[in-house]
Amino acid sequence: MRRALALLVVALVALGVPSWATAAQPRASFNDIEDEVMCDTCNVPLNIAESPRADQQRREIRALIARGLTKDEIKAELKARYGPAVLALPDDKGFSLAVYLVPIAVVAGLLLTVLLLLPRWRSRRRDAAPAVAGAAQLSAADSRRLEEDIARYDL
Amino acid sequence: MQRAGIPVVVGVLAAALVGLLIYGVVQRGDDTGLDTKVNQGERPAAPGRDVELPLLRGQGRRSLADFDGKVVVLNFWASWCAPCEAEAPALEAVQRHLRRSGGTVLGVTYKDFAADSRGFVRKFGLSYPSLRDDRLDLAPKYGTNKLPETFVLDGRGRIVAISRGQVSEGFLSDAVRRAEATA
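One line per chain: the protein sequences are G and H, in this order.
Numbered per my numbering, the first sequence spans residues 1130 to 1284.
Numbered per my numbering, the second sequence spans residues -15 to 167.
Incorrect hints may have been included.
Unchecked claim - Partner residues aside, some chain H positions facing chain G, computed with beta carbon under 7 Å: (1) Trp64; (2) Lys95; (3) Tyr112; (4) Asp118; (5) Arg119.
It is worth saying that the hints were derived from the structure and are not from the lab.
Cβ atoms here follow ideal geometry from the backbone N, Cα and C, with glycine treated the same way.
Could you build all of it, start to finish, from the sequences and the hints given here?
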């Protein structure tokens, strides 16, 4: 029993070690990188670009993957070579952070505006409601004529 | 007061958005200022004289200012550009002529993988120097966003002729002759 348990532990360790190793050093995937890099002469993401320069950039990325660089290292290398415009997604630090923060601020501003204006719209509608009800009130003569019309068409 | 304020704010935001769009379109448009001047017979000063770029082969950096007093045929190229291959022999022929008179062809690679650029130089046996403009520090100053493009500069650092597209031997010999006449 103890021996079987020891064998099981050894087997689990043997199976587990490679997965830990790969988890610590994830191998970059070409498809994962391709859509985060721009074709820098055609101004579209590399995964939909069709041009000689796009083909060259793909070869360049594959060469960097073959050298064992991680995804972040490859993106950093491309940025160092060709400037920040080569990345489809800007950095999330410094001035580039504005790209992420501005849309959030705009949406938050719109929500805040709606929240501020909604009570005012509601109260305006409430104020307007009695006037509508008043307008619907009929005179005695009109009411009588309406009753007669309804009776005439009553089946 | 508050009711009147909302349309004003919306109007300002809409105007800002339209302004931003116009700015974006203008920025992406081709810069033809140099072409206009050259076509009118002027010789505008070559922009970016002090922009230093790394040499494609060997160590160090060079700028156009390093070639003051010489006729320079400034050629933007890339290894992935087919017309650049077609014009390479004509540029090498001009380099052989300029070498005798003290001038040079100066290649500038545009968004090109350096190893591929060096392969291009070997393939066509180019003897003139090339600089790397991978981050586009120089090309936009010449309105260059398509390849190849060639600018012939006289000894005073002024642009004599511009060729946007594959350069011809006729254009090169005529432009270099005019540049040498004032050098």
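What hints, given by number in increasing order, does this structure fail?
-> 3
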